[in-house]
Amino acid sequence: KNQVEQSPQSLIILEGKNCTLQCNYTVSPFSNLRWYKQDTGRGPVSLTIMTFSENTKSNGRYTATLDADTKQSSLHITASQLSDSASYICVVSAIYSNTGKLIFGQGTTLQVKP
Amino acid sequence: DSGVTQTPKHLITATGQRVTLRCSPRSGDLSVYWYQQSLDQGLQFLIQYYNGEERAKGNILERFSAQQFPDLHSELNLSSLELGDSALYFCASSTPGLYNEQFFGPGTRLTVL
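For the protein sequence lines, the chains are A and B, in the order given.
The numbering used here applies: residue 1 is where the first sequence begins, and numbers increase by one.
The numbering used here applies: residue 1001 is where the second sequence begins, and numbers increase by one.
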């Protein structure tokens, strides 16, 4: 069964600190993995997208890694800011012709405190 | 701003009623996807349209239906509404490519009383 599991479910850190969010998946055949940031009540916004051959990708203070052998990904946030408080969703795309079907994780809720 | 627009932003209605949610995709995108997000739940894929034709179905109830028009905008119709249908409904659009990246709209918050 295609699944995406994220940990931790929630996280509280102090402003300025770093944190790492984890994502494990069992999606096959794998196409790509993406991390989205979703502010409360808003639509998800893409942070990074990685294909099978990409091990790491950065977007400002966000750095995602992918280990396709172990089917694990992580999202590292550096020098956190209050505006980083959001839900971070790991999404894996399976190859199903042109449907672009996505399998969503449940998300990690990050709260950054001053 | 993703370029995807959704109307209305908020909708409050009663059980048993029918509502229509509207989505306009990014310019040039042929695919439209609908998602449901209940309170404290993850995004659930409902249905995808590509250039006017249904392409994939997810966990969409029989009371729900969607269509994509020739101008590529899409509508999601929800009927015989129940309290449990209260949720955020997101539309996303994409164009086929290496990543088939989906861009999400701001969502419509539906409250069924």
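You may find that some hints are simply not true.
The calculated lysine to any residue pairs, modelled on SDA-like cross-linking and capped at a C-alpha distance of 25 Å, are [said to hold, decoys possible]:
no. : chain 1 : residue 1 : chain 2 : residue 2
1   : A       : 71        : B       : 1001
2   : A       : 57        : B       : 1097
3   : B       : 1009      : B       : 1058
4   : A       : 57        : B       : 1001
5   : B       : 1009      : A       : 5
For the chain A half of the interface with chain B, some residues (derived, Cβ under 10 Å), not all of them [stated by the list, open to error]:
no. : residue
6   : 26
7   : 29
8   : 74
9   : 78
10  : 79
If you're looking for bench data, these hints aren't it; they were derived computationally from the structure.
Remember, it's a predicted structure, so these values are computed and weren't measured experimentally.
Built from N, CA and C at the ideal position, the CB exists for glycine as well.
Going through the hints against the structure:
1. A:71 / B:1001: violated, 32 Å
2. A:57 / B:1097: holds, 19 Å
3. B:1009 / B:1058: holds, 23 Å
4. A:57 / B:1001: holds, 23 Å
5. B:1009 / A:5: violated, 30 Å
6. 26: This interface hint is violated because 16 Å lies over the 10 Å limit.
7. 29: violated, 14 Å
8. 74: Hint on residue 74 of chain A: violated, closest Cβ of chain B at ~19 Å, above 10 Å.
9. 78: With a minimum Cβ separation of about 24 Å from chain B (threshold 10 Å), the hint on residue 78 of chain A is violated.
10. 79: violated, 26 Å
Of the numbered hints listed earlier, those contradicted by the structure are 1, 5, 6, 7, 8, 9, 10.
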